[in-house]
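Undergrad: Chains as they are written, first to last, in the numbering used here: chain A, 382 to 572; chain B, 16 to 235.
Just so you know, not all the hints are guaranteed correct.
Unchecked claim - Covered, in the sense of this in silico footprint (three residues per stretch, anywhere, with C-beta under 8 angstroms from a C-beta of chain B), are these stretches of chain A:
#, segment
1, 427-436
2, 445-457
3, 464-473
For the record, the hints were derived by calculation from the structure and aren't laboratory data.
If you're wondering where the values come from, they're calculated on a predicted model, not measured in any experiment.
We put the CB at the ideal spot given by N, CA and C, even for glycine.
Letter by letter, the chains look like this.
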Amino acid sequence: MQACHLAARDIACRRGDRVLFKGLSFSVQGGEALHLAGPNGIGKSSLIRILAGLLRPFAGTVEREGALALSDERLALDGHQPLDAALAFWRRIDGSGDEGADFGLEDLLDVPVRYLSTGQRKRAALARVAASQAAIWLLDEPLNGLDTQWAAVAQERIAAHLAGGGAVVIASHQPLALAGVRQLALRDYVA
Amino acid sequence: MIARLWPIFTRDLALLLRGAQGRGGAVLPLLFFLAVAMLFPFAVGPDARLLGRTGAGVIWVAALLAAILPLDRLVEPDLEAGFFDQWALRGIAEEALLLVRIIAHWISFGVPLLLAAPLSAGLLSLDAGQLRVVELGLLLGTPGLAAIGVTIAALTAGLRAGAALGGLLAIPLAVPLLIFGAGSLQPGGEGGLLLLAATSLAALAIAPFAGGAAIRAGRE
């Protein structure tokens, strides 16, 4: 995996009339994981979208080197398609190989996406991220809806991505069992 | 870039032709188009001369109304499901995505209208010469209608009552196409076809940029 790097410099985020946080800076290199922690509504998802370049920060800049993959509450998989075909659409765009989906989805490949349960949909989204071959993963609440077993598997997969030289930014209100993860409490930057 | 846009184009086309997840396919606008042509003789009577004089205009109005039907499924479902975000993440420009979508939309809505126009012409007692001009006009005008449709769909995606609002916004924008299209059928109105082509081209040139800006602004 090529070198990757994601840095936020003095980011402030405004939603409506409220400045959610300001003065937030960090830097993540390949092999590093960052956990954005904080209660609901503090701006974790907004920060993820700022890092993804989908939302303009109110102040500050984001520097990035390396491709991005994003998993948020929106699945971006066609509901009427079988899971296999829905994931294959993104594999074709990303030009990634035809490796089978993991995350225990092997038995679900012929099931239309709209029939998947919450946890299965989350695993499908993580499989889409993993298949994208992007160096930087942005995961918004990746463990929501996963049971203990799959939460552990998901974190193993994240650890494997880190070991392979990738970088991960995780927004989660849950504690993570990842070795060497740095925590950034958004509460410290509330405006 | 083309290699990445091709799967997007085939997906767009499959969704717009077949329909899925509450998006009716290409059949509904087509049936609507034919239904208008069928209703008109019932309303004004079977006088062939009257129908021949007004029928071509009716075909144009029917085409315009049929173009409005699929507006709410052109952009909104993919925006809602996060597809546009994922494409943006991969550095695929919204302008390219919308151009692809305009082409797919035209194939799924313009081409069926072209194929159905002879049937409408029969219902409205148009002669062969008029049908030729109508077909030529639709061929030149429907790409413009498709471009306007996708732009409006991008502008109203995510709004409450976006579908109804979209129809209201699309009609005034499509008026020039209607005037030049129906006008080309008047005696000596062939120049209308050139103006129709010009209007269509202008709409096609502006639409991807206007729609792309709308989608980006909608993210804020």
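Undergrad: If a hint holds in the structure, say so; if it does not, say that too.
TA: Okay, the hints, checked on the actual structure:
1. Proximity of the segment 427-436 of chain A to chain B, defined as three or more residues with a beta carbon under 8 angstroms from a beta carbon of that chain, is established by the 5 residues found.
2. Using a Cβ-Cβ cut-off of 8 angstroms, 8 residues of the segment 445-457 of chain A lie near chain B, which meets the minimum of three, so the contact claim holds.
3. Using a Cβ-Cβ cut-off of 8 angstroms, 3 residues of the segment 464-473 of chain A lie near chain B, which meets the minimum of three, so the contact claim holds.
Violated hints are absent here; each numbered hint is respected by the structure.
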